[in-house]
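K.L.:
In order, the protein sequences belong to chains A and B. Using numbering that gives the first Met the number 0, you'd call the opening residue of the first sequence number 0 and step up by one each time. Using numbering that gives the first Met the number 0, you'd call the opening residue of the second sequence number 0 and step up by one each time.
Hints in this document: simulated from the structure, not taken from any laboratory. Every value quoted in this text rests on a predicted model; they were computed, and no experiment measured them. For each residue, glycine too, the CB sits at the ideal point set by N, CA and C. Misleading hints may appear alongside valid ones.
[As the list claims (entries may be wrong)] Chain B stretches covered by chain A per the calculated footprint, using a threshold of three residues with CB under 8 Å from any CB of chain A:
1) 54-63
2) 70-83
3) 104-112
[Said to hold, decoys possible] The list that follows gives simulated cross-link-like pairs (lysine to any residue, SDA-like), each with its CA atoms no further than 25 Å apart:
4) B:K14 / A:K138
5) B:K21 / A:G40
6) B:K174 / A:I181
7) A:K138 / A:S26
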Amino acid sequence: MTVRSTRSAQTADRRHLVPATAGWSGSIRRGETIRIIDSHGQQAIDTLFYAAHDTAERYSAQDTLQAQGSAYIGAGSVLLSNDGSPMLTVVADTVGRHDTSAGACSVESNTVRFGHETRHLHACRENFVVEAARWGMTKRDIVSNINFFMNVPIEPDGNLAIVDGLSEPGNYVELRAEMDVICLISNCPQINNPCNGFNPTPIEVLIWDAD
Amino acid sequence: MTRPLFSEDVIAAAKSRYAELKARGQDGGGFAARVATTASLPETLPADKIRLTDTIPGGWYWHGIVRCGEALRIVNRDGTHGASLLLWNATEPSERLNPADTIKVQWTARIGKGRVFLSDMGRAIASVLDDTSGGSDFVAGGSTPFSNARKYGDATLFNARDHFLKAAAKYGLGKRDVGPCVTLFAPIVTDDDGSLVWDETADLIGARIDLRAEMNVIAAVANCPHPLSPSDAYGPEPITVTVWRHGSPEPDDLARTGTEEALRTFDNTDQLFEQEAGGSAQ
């Protein structure tokens, strides 16, 4: 299911361009809306959320999927914290389906997935560690994230693989914050699988103040 | 479109390499045949190999250190609907079970006999010596106060999340260390439309699972039913936990050699031990 936003990009109060392969983080207050734009298409955007009042409360992929009874994030998904509180609601989505089970790539898991010759390639966990540090957090705080625009079907026989992305240039997701949150983003640098079309590209983050 | 970071040749090589890895990972590599020809563990373990055994009442929890080379057997005599598990590296607990990497690296959400539980550091934290249960859940987590409120109308029933907090606390760990878990004896399947459903054909009565620790681990087992259990009543049954000495793996050990990803996972794991031994291992 896809749902378009009624907001015009020109009306955004804040605008952040995130270069290819880079990290970004920022705070979003309750009632504000964040739009994450896959500007060039087929670009996985690894995303984590933490409660601003206490970062030990954070997005829980497992609790979110369990509560909604289905395996993917899309329009209408309510992102739950590990305390069961709604953190954000997906209010618009022009793609239809996003992964939250396959985690973020790391230098270490890259060696297992793609061979030890890939060990010098940049990875999402590296971006997350650096962005988390800006908010006083460490590797301990990095949990299973959302992979916006990453297509990872889980088949009934259990087979699971990252396959070609569904997103076209300019596709976006838009989320309304239900509490004050910190958002960490890694604009995924992976070049060993189709999650970025083998070509990492810049993305954009727009934020609107509360109505 | 912005200019690609890599040349077309590099991209083409990466594409074809990924297609080959996927084909072998989704069983062109012959993993299922290796599983089928690997003997099951005996139902009764030799008494001289057992370090401890304990029965966890329904709704309660267990925690302990399982040393590298020991195995944790969990027996589900009465077919309880799930027991949730967390593992931390006992030496450096910021390294812990990573359910997402476990399923992604191995190209499957069905992690049974012969598979590896990966840590967030690309290493094996445990491996599955045997599993007669038909399924563990790596996607939908375990119970929480809020899942019990939703399912049973009672947030005060014992739940996996709070048991994990209590177990973690006993090793100096806290809420930041209680992350995504795996729930054993929970045959959750993703159906064609993406719904998470319980596979009622799985026979959990008498099921057992043996997990070998691949480093010294802190283990926490919460004997609380999975929130997607088909049972509407909160009715956890006791499970039995046994820690037993497995010893050194054979050269053709299934978990270590069953897939190329497993081989590379154990390359990383063995390197850690060589580092810790100051390079004097072997």
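K.L.:
For every hint, state whether the structure bears it out.
P.N.:
Hints versus structure:
1. Here the stretch 54-63 of chain B counts 0 residues with a CB under 8 Å from a CB of chain A, which misses the bar of 3, and the coverage is violated.
2. Given a C-beta distance limit of less than 8 Å, the hint that chain A covers the stretch 70-83 of chain B is violated, as 0 residues qualify and 3 are needed.
3. With 5 residues having a beta carbon nearer than 8 Å to a beta carbon of chain A, the stretch 104-112 of chain B meets the requirement of three or more and the stated coverage holds.
4. Using a Cα cut-off of 25 Å, the hinted pair K14 (chain B) and K138 (chain A) is violated, with the two alpha carbons roughly 31 Å apart.
5. Under the criterion of a C-alpha separation no larger than 25 Å, the hint pairing K21 (chain B) with G40 (chain A) is consistent with the structure, at around 23 Å.
6. Only pairs whose Cα atoms come within 25 Å are accepted, and K174 (chain B) paired with I181 (chain A) is accepted, the gap being roughly 18 Å.
7. Proposed proximity of K138 (chain A) and S26 (chain A) is supported: the alpha carbons are some 19 Å apart, at most 25 Å.
Hints 1, 2 and 4, counting from the list given before, are not met by this structure.
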